[in-house]
Each structure stands twice: as structure tokens, then as C-alpha cells.
Amino acid sequence: MAKMVNIEIDGLPIQAEEGRNLIQVAKENGFFIPSLCYYENMDPPLGTCRTCTCRINGKPGPACTEKVREGMQVEVNKADLVDMRKSIIEMMFSEGNHFCPSCEKSGNCDLQHIAYELEISHTRFPHLFKDRLIDYNSKRMVMEHNRCIKCRRCVEEVLTDDGKRVFMYMNRGNETFVGIDYEQEAKLSEEQAINAMNICPTGTIIVKGKSFSKPFGQRAFDLSSSQKNYGKKPVKLSRGAVMEKKIVATASLAGCFGCHMSLLDVDTDLLDLIELVEFNKSPLTDIKKFAHRCHIGIIEGGCCNDENIEVLREFREKCDILVSLGECSIWGGLPAMRNTVPLGECLEEAYLNSFSNDAAKSTIPYHEDIPKLLNRVYACSEIVKIDYFIPGCPPSAGHIWKAIKNLLWHEEYSILYSEFKYD
Amino acid sequence: MYQPGTDRLFEVEPLSSYLLNELRDIQMSEGYISDEKISSLAHKYDISKVEVEGVVTFYHFLHRKPTGRHVVYLNNSLTSVIKGYERVKESFERETGALMGSVDRTGTFGLFSTPCIGLSDQEPAALIDFYPFINLNAIKVKDIINSIKQGASPADICDYPADNIRYTPISGSVFFSDFKEGLSLENAFRLSPEEIIEELKKSQLAGRGGAFFPTWMKWDATRKQESRLKFIICNADEGEPGTFKDRVLINSQAAMLIEGMIIGGNTAGASYGIIYLRGEYLWLEEKLNTKIQEYYQKGLLGKNIGGKAGFDFDLRIQMGAGAYVCGEETALLESMEGKRGEPRTKWYLPVEKGYLQMPTIINNVETFCAVARIFEQGLESYCEKGIPGSPGTKIISVSGDCSLPGIYEIEWGMTVAELLELCEANNPYFIQVSGPSGECISMKEKYRRISMLDLLARKDIRCGGALTVYNSDRDLIMILSKYAEFFKHESCGICTPCRAGNYLIERKLDKLKNGLASGEDLEDIKSWANIMKASSRCGLGKTAPNSMIMAMEKFADYFYKRLYPTDNQHEGIVAFDMEAAIADYEKYKN
Ligand SMILES: Cc1cc2nc3c(=O)[nH]c(=O)nc-3n(C[C@H](O)[C@H](O)[C@H](O)COP(=O)(O)O)c2cc1C
Ligand code: SF4
Ligand code: SF4
Ligand code: SF4
Ligand code: FES
Numbered sequence: 001m002a003k004m005v006n007i008e009i010d011g012l013p014i015q016a017e018e019g020r021n022l023i024q025v026a027k028e029n030g031f032f033i034p035s036l037c038y039y040e041n042m043d044p045p046l047g048t049c050r051t052c053t054c055r056i057n058g059k060p061g062p063a064c065t066e067k068v069r070e071g072m073q074v075e076v077n078k079a080d081l082v083d084m085r086k087s088i089i090e091m092m093f094s095e096g097n098h099f100c101p102s103c104e105k106s107g108n109c110d111l112q113h114i115a116y117e118l119e120i121s122h123t124r125f126p127h128l129f130k131d132r133l134i135d136y137n138s139k140r141m142v143m144e145h146n147r148c149i150k151c152r153r154c155v156e157e158v159l160t161d162d163g164k165r166v167f168m169y170m171n172r173g174n175e176t177f178v179g180i181d182y183e184q185e186a187k188l189s190e191e192q193a194i195n196a197m198n199i200c201p202t203g204t205i206i207v208k209g210k211s212f213s214k215p216f217g218q219r220a221f222d223l224s225s226s227q228k229n230y231g232k233k234p235v236k237l238s239r240g241a242v243m244e245k246k247i248v249a250t251a252s253l254a255g256c257f258g259c260h261m262s263l264l265d266v267d268t269d270l271l272d273l274i275e276l277v278e279f280n281k282s283p284l285t286d287i288k289k290f291a292h293r294c295h296i297g298i299i300e301g302g303c304c305n306d307e308n309i310e311v312l313r314e315f316r317e318k319c320d321i322l323v324s325l326g327e328c329s330i331w332g333g334l335p336a337m338r339n340t341v342p343l344g345e346c347l348e349e350a351y352l353n354s355f356s357n358d359a360a361k362s363t364i365p366y367h368e369d370i371p372k373l374l375n376r377v378y379a380c381s382e383i384v385k386i387d388y389f390i391p392g393c394p395p396s397a398g399h400i401w402k403a404i405k406n407l408l409w410h411e412e413y414s415i416l417y418s419e420f421k422y423d
Numbered sequence: 001m002y003q004p005g006t007d008r009l010f011e012v013e014p015l016s017s018y019l020l021n022e023l024r025d026i027q028m029s030e031g032y033i034s035d036e037k038i039s040s041l042a043h044k045y046d047i048s049k050v051e052v053e054g055v056v057t058f059y060h061f062l063h064r065k066p067t068g069r070h071v072v073y074l075n076n077s078l079t080s081v082i083k084g085y086e087r088v089k090e091s092f093e094r095e096t097g098a099l100m101g102s103v104d105r106t107g108t109f110g111l112f113s114t115p116c117i118g119l120s121d122q123e124p125a126a127l128i129d130f131y132p133f134i135n136l137n138a139i140k141v142k143d144i145i146n147s148i149k150q151g152a153s154p155a156d157i158c159d160y161p162a163d164n165i166r167y168t169p170i171s172g173s174v175f176f177s178d179f180k181e182g183l184s185l186e187n188a189f190r191l192s193p194e195e196i197i198e199e200l201k202k203s204q205l206a207g208r209g210g211a212f213f214p215t216w217m218k219w220d221a222t223r224k225q226e227s228r229l230k231f232i233i234c235n236a237d238e239g240e241p242g243t244f245k246d247r248v249l250i251n252s253q254a255a256m257l258i259e260g261m262i263i264g265g266n267t268a269g270a271s272y273g274i275i276y277l278r279g280e281y282l283w284l285e286e287k288l289n290t291k292i293q294e295y296y297q298k299g300l301l302g303k304n305i306g307g308k309a310g311f312d313f314d315l316r317i318q319m320g321a322g323a324y325v326c327g328e329e330t331a332l333l334e335s336m337e338g339k340r341g342e343p344r345t346k347w348y349l350p351v352e353k354g355y356l357q358m359p360t361i362i363n364n365v366e367t368f369c370a371v372a373r374i375f376e377q378g379l380e381s382y383c384e385k386g387i388p389g390s391p392g393t394k395i396i397s398v399s400g401d402c403s404l405p406g407i408y409e410i411e412w413g414m415t416v417a418e419l420l421e422l423c424e425a426n427n428p429y430f431i432q433v434s435g436p437s438g439e440c441i442s443m444k445e446k447y448r449r450i451s452m453l454d455l456l457a458r459k460d461i462r463c464g465g466a467l468t469v470y471n472s473d474r475d476l477i478m479i480l481s482k483y484a485e486f487f488k489h490e491s492c493g494i495c496t497p498c499r500a501g502n503y504l505i506e507r508k509l510d511k512l513k514n515g516l517a518s519g520e521d522l523e524d525i526k527s528w529a530n531i532m533k534a535s536s537r538c539g540l541g542k543t544a545p546n547s548m549i550m551a552m553e554k555f556a557d558y559f560y561k562r563l564y565p566t567d568n569q570h571e572g573i574v575a576f577d578m579e580a581a582i583a584d585y586e587k588y589k590n
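As you go down the protein sequences, you meet chains A and B in turn.
Just so we're aligned, residue 1 is where the first sequence starts under our numbering, counting upward by one.
Just so we're aligned, residue 1 is where the second sequence starts under our numbering, counting upward by one.
None of these hints come from the bench; they were simulated from the model.
Glycine residues also receive a C-beta, built at the ideal position from the N, C-alpha and C atoms.
No false leads were mixed into what you were given.
Have a look at the derived ranges for each label pair, beta carbon to beta carbon:
1) B/A211 with A/N77: 30 to 36 Å
2) A/E310 with B/R562: 24 to 30 Å
3) A/N57 with B/P14: 33 to 39 Å
When the alpha-carbon atoms are kept at most 20 Å apart in a straight line, the in silico EDC-like pairs for lysine to aspartate or glutamate are as follows:
4) B/K526 with A/D83
5) B/K533 with A/E90
6) B/K589 with A/E307
7) B/K444 with B/D557
8) A/K385 with B/E571
9) B/K346 with A/E40
Using the sequences and the hints, build the whole thing.
Right, dumping it as C-alpha cells:
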């Protein structure tokens, strides 16, 4: 047996076999360290995603590329490290184009799961909306490059029976993507192909006809967290305040109204809520103009035209607290699918070139009275300061009202893992 | 083990190490790597096509589309921009008929831009069919392209870049005085490996590739590895923009480099040496190779070197194919193995498992040259120079806004002010030390010394090899954007913080350039830069944001002046350029 050494993780003394992978040792001792590229027995470990960044003997670095040595001092749960790991996951979301509601892997996706675990409500980074072509050319697989986090798993692990690689990185820098070898892919058995899809921690590698295998509620990450105390962290304590009636305004900008529907989806609780809140300007009341200042403004949808921007700015002026509700409002969401394509191309495709149009009669609408389209869909936070973000597409009603009650009356709450969802 | 038809690999190297060479050969002879070639190489190397293609697309001198009969790579580094890049580019476009990044209609010229080609002292400069052309201007470009059109070969009409050695210490030059060939080997061979290590330890020689790792430690660690096969590798990838010292060393003192490597082989028990020369320096290859062959003829390379029975040492050159990150030592190893130049993790060190997973010493050109000189002239004369704790001299490539760009071999301990005076800097304002990945300093710090004592209480400046001067007319935000663009492009793309981080920071700088940034944006840049520094996988991502962080501290006023004016700000409203945002749609107004 290998020599045992003493290390310390967040002050807890631990004995472990010398030379073992630190992340493994930490996990076995009950420490939650998020990881995406790592899996057991890879030698050398991949060390690409950097999600497992901790501080080792005073220096930041990934836990998964460290061998346990005598006297090793490891910090895992210091606030700055927790935030750094969060930021790296956020980077992946802002770098790729992740539209979870339309993704085959949603609910079975490691990236999404880690984001739930880290309670990421929005990314601190602007979304980059890089244009990438999806590769449908191989017989059985689709490569959805928008979702790849370049973890290298597929490159290293998916080999044909004669040992040839099926996947390989192409290009470099921010142009890097994972290329697929059509010829080698064809040599994989169906089982191997499905294994390739499963090995991918995101929805990049899709085997045609084999995705969407599980219904909502039964997917890998629908129900339970990997952390014992998920969501139990105390959020602002109740001051035992009297539940004064508050004034709420809402708006649906470039969204589908789904978030508003979700807002109403609290069954009979709605009756209690009506006692507590008064809706002012809102599509729910059809009040078009602000009658007075509001305690809270709730915004669904991002900004796709100049009118959205005007409305949003007015909300900022008239509301004490402004909340982005749902993915579209937070970063653009589904309408932002157009953001990787220049506006002109979108319009021409929709109004001029599409099959159902009569080319001779078609024009692209433009009139003084119709709002002007922006070159892309903007997140609300790019236009005004947003105070809080409630993620989801749509966010669940439970999540919405817990958050809002907390904001308005400081009610204590914890979000369940099953309530914190993007799709 | 690879034998057939070529003597370019050592017998211990596997065929796979030859892939990059073969791709370069095809690129040079056919102008691109066609689908057919990808297939035939995949077959020959017994790997999948996608793997070959992955290698091809990593390096910017390898192309998947035809590049024309003559390929022009015009340097687009900042120094080139300062010296007139735009006009030279226009001139190339006009004369060749090719737009930047493409091939003209007749397929004669391909015109591409490329980051620093190691000629910052003679910019604007370009490589045409990899032959250097320097101090370009519109007229010169016209003449060059006309001659080529009339059948002249770039090889015959190219320039010979001067060494521009502007300054060496009065106490004697370590690097550029005459070198008595063979003497350092004679002296070193009289010592045991342990004694050689001891000498190096006393010399306090530390790696000159930028990281300043004590050379003796690396050598000793490799020496102690038990392995039949070990390698000595010279990192001559010199890709840090503004750095050209290794170019000058190779051009003028190749013998020193070769002897330094042989001493390394003798000390560590390695019998093979490889010089990884950056693709941009192909024009230096012949000269270097000639020197190597001379050493073979003199019996100082090959079997039983210098009559020392049982000591064999072979040396070859490996050409790079265009990728800054390959200067990172483990990326360099990957590249030598015929792969994409992606840095390895720190799970194994090169001294344990380096090239072909064998113990390997990797040192910079200047480091090997210093070793050779130490054994040629003796430790004393080396240690006399410099200052206590930082003995010897350092070669600095100076460029930018100064009248005398070129090579300055300074004794450690010289101040920035002295160096600026020597090179006749014009109105210096922003000084970049060690290239974009180094640090920037303001004139307030001009009395800081340049030495290896930077970690002590005395805040000296450590210089990897470049000093670039920018005067007060230069747009600081533009400089930093250019750096960010460089790193975005040169990142290997394998780890998240560097691949996405450089891109994100570039976007923020755009905002700053457009006058839409707020104080919060500056805070963001700082915080994001720190995330990159802490979590990136290799030195590229860790150092990329250095200058940005420093510039924001040292030139704070400059940044504040560029922010969105506060008197235009309404509370909670973010600055937004509505006109720009609706411009695309306004095109449909009839
Ligand atoms: C992105 C990057 C680029 C580098 N480029 C070079 C280079 O061009 N030449 C070099 O000698 N070292 C370069 N280095 C440093 C090498 O990794 C390594 O430290 C050096 O070759 C070791 O030699 P030395 O100890 O003699 O300095 C680079 C490092 C990084 C992170
Ligand atoms: S489910 Fe995963 S891969 Fe799919 S879009 Fe969401 S985060 Fe991306
Ligand atoms: S395709 Fe999937 S497995 Fe492959 S690198 Fe991308 S995210 Fe990782
Ligand atoms: S820091 Fe940049 S260059 Fe280095 S491994 Fe990461 S992506 Fe590649
Ligand atoms: S899990 Fe450690 S770097 Fe990816």
C-alpha cells in the first residue's frame, strides 16, 4: 500500500494515500468541488475546464491536477474561491450559446447541473453571441458547437476499435471547436456512439433519434442536489415586519409572456397575494401608464427594439427595485437566438426569401409608428441597472414568489433544488 | 522508429514527431494542405483525418486553402502600426491585388497579417515566402512586388536584417564578444556533472525565457532522473511581441548556443538536442544548420564528442509553424511531438516526463549561450558583472518610439532611465517591459533598476528581454486592446478563463474605446483579469491581463478621462448608443 500522508482541507485534517488525485480525496471526504472535465483514473487528468479551482498551499489552481503530498494545505470554500468557480461556469454560459429550453441535454447536462448547484442566476459577463455553424453532416451525430465547453473528454476518450480518434479540436483561441471525423464516427457501434453522447458533459454531441430519452422530472439532474445543504443557506432574516401592501408593476418586453403566466401559476395562493400587492402598470391590469411610484418592477423579456428600451428606462425611474424575470430578461433568452446573425440577414430571410413569401410583393416593414429593431437583443442589465435576477425559462412560480416576498417583506426563504431550473 | 528517406529525425524519435515537418513541407511546396493530403497523411501516420486537420488548423502558417505562389506575411504588431503598417498594407493590397487575408485572382500572391515576426527594430517588416523584408514603405513595397512579378525570387531580393547591437557593457560583453569555439566544451568536460551544476549554482544563472527559474535546478533534476533517453531542448520560439534578442544571438553567436546545449547534454546525461526555431525565423535556419554541420565535422557533435569516450550528442533543428503559445515549454513539447501546441497540465514536469515522456531540459537561447560563456571564460568574469544577487548581463530588445531601436546588453542593475537615454527614447510615456505578457511602467518609475531582485523589498524590474517605448501621443486603450486581441488569437483555446476571458476583456475595452464605459466597467476589468490570472492553465492566460491591471493603476487618470461623462448619467441608466443600435434597421427606411 502506498504511503499515507496528512493534508488539511479547509482546516480539516485528512489522511490520504500519497500521490492520489486531490479532487478525488476531497470528494471522498465530503467536500463539494464542482468539476466538469474531471473523471476518475484519467492519467494525466485533463485540467481544461478550471471549474475545480481551489487554493493549494497558498496558490490558486485546479484540484484535479494536484497529487496529494504531505502537509498539503487546501482551501476550498473561501468566499473568493466560491466566487471564482462560479465565474468560470458563468464564462461558459456567456461564451457559448446555451438555449436550455431548446436543448436535448437539458436536465441531463452536467454544465447546467453545476450551474444549479452554484445557484447561478445570471452571468456577470456579457454574452458573446459568437456565430457557430452546427455540423449535421455525420450520419448519426449532430455537433452542436454552440454548447461545447472544450473539456476534451470526447477527444481523449472516444476511440474506434482500431484506436483512432473520432473527435479533435480545430483552430485555436476563441475560434476553437471540436471537429468530428465522419469516417471514424461511422465505425462506432451504436453503443459507442451513445456513450460518446453521454461522455459529453454538455449537449454538444447528439446522436440523432437517441436524445430526449427521459421525460421531465425523471432526468438525471431534475430532483436532487449533490450538496447536502443545498439552498439551506440563510437568506436575509425576516424582521418580523408587518406585511404592508406593496405596489407592483410588470412589463413584458421581448419575451413570450410565459414568465407572466408563471407568475400567476400559484393556484390558490393567488388569492392571498392579491391582498398583499396592488398591480399598477402591467399587462395583467392593462394599466398603461404609471399612476405612482412602485415598490417593485418586474421585467420579462430583453430589449429587441427602441420601444423596449424606453419602457425599461421608465421602469427604472419609477420603481424602487427592478427585477429581471426569466432568461430573456436576464440575457436575451430565446429571442437572442438571432444575435449571432446580422439583423439584415434575419429580416431578409423572414420577409423576403422565405418560401411562403411572394417575392414580388414582399417588403421589410418600416414605418414611423412601428418600433425600430435593434441590431441585436440586449439584456435588460445592458440598458439599466437591474437589482435582482430570477432565472428560469420560465422560472417556477414558487421560486418567483419566494424571491419577491423576500424582497418586499424580507420573508425568509430557501429555494429547493427542484425549483431552481433554467428550462 | 522512423528511418525512410530522411535524416531529419533521430533514430529514437517516432514517426509521429515528423508530422509537423511534413505539413510544413507540403505547405511550402503546394501552398496549402489539401483534402487529399489530409487523407494520405492520415493513412501514413495511421491516425484519423480529423486529427491531422486539428494539427493543421492550430498553426497559422498552415493553410487549408491555397495561398498563392508567393505568400506575404505582413507583421501587424503595435510597433509596425506605429511605423506605418496601414500604408504598407494598402500598398501591398494595391500592388498584389489581394485583400489582406486572401489571395489575388490570379493566384500569384497571398497576403496575410501575422503577429510580431521578431523584427521590431526594423519595422514595418514582412516575410515573403519566409524571406525577410524590412523598413518597408509604399515605394519599397511597389518595387518588391514588381520585381517578383517580373520573375525575381524573394530569396534573391530579400533584406538581411542587421543585428543592431547598440550597446554592450564597458566591463566586457558576455554575449557578443568573440567566442573561442570549443573552449567551453574543453573546460566543461574537465568537470564532473556535479561540479558543472555547482558552477551554475554559483553563477545564479536563471532562465532567460522570462520565468527566471534557476538553471542549475532544472539541470540537476534532469540529471537525477534514471532514464536511457533524455533530451536537451532549446526554446527558440521567441514569440513575445517586441522581443528579438534570440534572433540576434542565433545570427551572431550560434556556436555559443550549440556549445551550451552540448554542456547540458553532458551534464544531464542526454544524447539528443533539438532547437525549436520559430517558423518566422526560417531565414536563420540555414546559417544555424551550417554551424551545426561544422560542429559535426569538428567532432564536437556526434559520437564520442571532443574525444570524450562514451559521450554522444546529436543536434537537430525543429521548425515551428506559427503559434505564440508554442513558446510555453510544454506546448513546445506537444508541438515537437507533431501535435497541436496545447500546454500540458502540471501533473508531470518536463524534467520528469518531457519530450516523448522522457526527462527533458528546456532552456531559452540566451540561457544556453550564457552557460557556454561561463565555461569558456570562467565564472569569475561572469560574476564580476551586474550587481550582488543578480550577477551577469541581460540582453534587451528595445523598440517603439526611440531613435535607436536594437539590442542592448546591459549589466543587471541599470535603471530604466539610463536605458531610455541610451536608446534615445522620444518623449516616453508608457513603457512595456518583457512584451505584452510582462509589465508596464510609467515615467514615475524610471529610476527603477532592471535586475533579478524584483522579489525582494527593493522593487526592481525583471526584464524577460524586451522594452517597448510608447510616447504620449499613443492611445493607451488602443495599445491594451491590441494586446488583448493578440492573446485572444494566440490562446490555445483549451482552458476556459483564457479562451473566453481574453475575448470578454477585449469587448470591455471596445466599450472603453467607444466612450461608453463607466467606473463599474473598470472594476469589472480588474476583477475579471484577476480571475484569469488565478485560474488559467498556463502562463499565457495567467499573464495576459497583467499590463491591463497595472495600466489601470499607474495611468488611472488616463482611464477616467475615457469614461462616459458622469454629468450625462441618470441614476440606474446605463450608457447606450441608440443610434448605433438601430443603424442596421434604418437601412430599410425608404
Ligand atoms: C505563452 C508563453 C510563451 C513563451 N514563449 C517563450 C519563448 O518564446 N521563448 C522562451 O525561451 N521561453 C518562452 N516561454 C517560457 C517557457 O515556458 C520556459 O519557461 C522557458 O523556455 C524555460 O527556459 P529558461 O529557463 O531558459 O528561461 C513562454 C512561456 C509562455 C507561458
Ligand atoms: S442544457 Fe446544457 S448544453 Fe444544453 S443549453 Fe443548457 S447548459 Fe447548454
Ligand atoms: S464536445 Fe462535449 S465532450 Fe467534447 S469537448 Fe465539447 S463539451 Fe467536451
Ligand atoms: S491559459 Fe490560454 S494558452 Fe494556456 S492553456 Fe489555457 S487557453 Fe491555452
Ligand atoms: S475538473 Fe478540474 S479543471 Fe476541469
